[in-house]
Amino acid sequence: MQKVSLEALARQQIDQATAAGRNAADTVVGGHEKVLRQTVIGMVAGSELGEHENPGEATLYVLRGSVRLIAGDQQWDGRTGDLLMIPDSRHSLLALTDAALLLTVAKLP
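The sequence shown begins at 1 in UniProt numbering and counts up by one.
Keep in mind that the hints are not guaranteed to be accurate.
Claimed, not checked - In silico DSS-like cross-links for lysine-lysine, where the CA-CA straight-line distance does not exceed 30 Å: (1) K107 with K34; (2) K34 with K3; (3) K107 with K3.
To be verified - Each pair of labels, with its calculated beta carbon distance range: (4) D73 with A25: 25 to 35 Å; (5) K3 with G72: 38 to 48 Å; (6) D73 with K3: 24 to 34 Å; (7) Q12 with H52: 20 to 30 Å; (8) P109 with A19: 18 to 28 Å; (9) M1 with S89: 14 to 24 Å; (10) V4 with T80: 15 to 25 Å.
Quick caveat, the hints were computed from the structure, so don't treat them as lab data. Every residue, glycine too, gets a C-beta built ideally from N, C-alpha and C.
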C-alpha cells in the first residue's frame with residue numbers, strides 16, 4: 001500500500017512549472033506499460049498542452065486553479081474540484097490560472 005498526498009504533489013508540480021517556465025508532470029500510479037496511469041500535472045497561467053490524440057479512456061480532475069479543455073469547436077472550463085471527461089478526439093488544454101491536475105488514463109492493451 002502506498003499513500004500519496006495529492007495536495008502536496010499539486011503544490012510541487014505548480015512550483016516546478018513556475019520555476020521551469022513550462023508544464024511539469026509526475027506519474028504517481030502506473031505508467032505507459034500499465035493499463036491504469038495517473039499523473040499530476042502542473043501548469044502556469046497561459047500555458048497550453050497542445051492538440052493531441054486521446055490517450056485512451058481518460059479523465060482530468062482539477063486539483064487547483066482553472067483550465068479550459070478544447071476539442072474542435074467545443075470547450076469546457078474546469079476549476080478546482082471539477083472532473084472533466086476527456087473526449088475521444090483530438091484536444092488541447094489551456095491553463096486559465098496556475099493549475100494542478102490529476103490525469104487518469106486507462107488504456108487497454
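Checked hints:
| no. | hint | verdict |
| --- | --- | --- |
| 1 | K107 with K34 | 8 Å, holds |
| 2 | K34 with K3 | 19 Å, holds |
| 3 | K107 with K3 | 23 Å, holds |
| 4 | D73 with A25: 25 to 35 Å | 28 Å, holds |
| 5 | K3 with G72: 38 to 48 Å | 39 Å, holds |
| 6 | D73 with K3: 24 to 34 Å | 42 Å, violated |
| 7 | Q12 with H52: 20 to 30 Å | 24 Å, holds |
| 8 | P109 with A19: 18 to 28 Å | 37 Å, violated |
| 9 | M1 with S89: 14 to 24 Å | 37 Å, violated |
| 10 | V4 with T80: 15 to 25 Å | 18 Å, holds |
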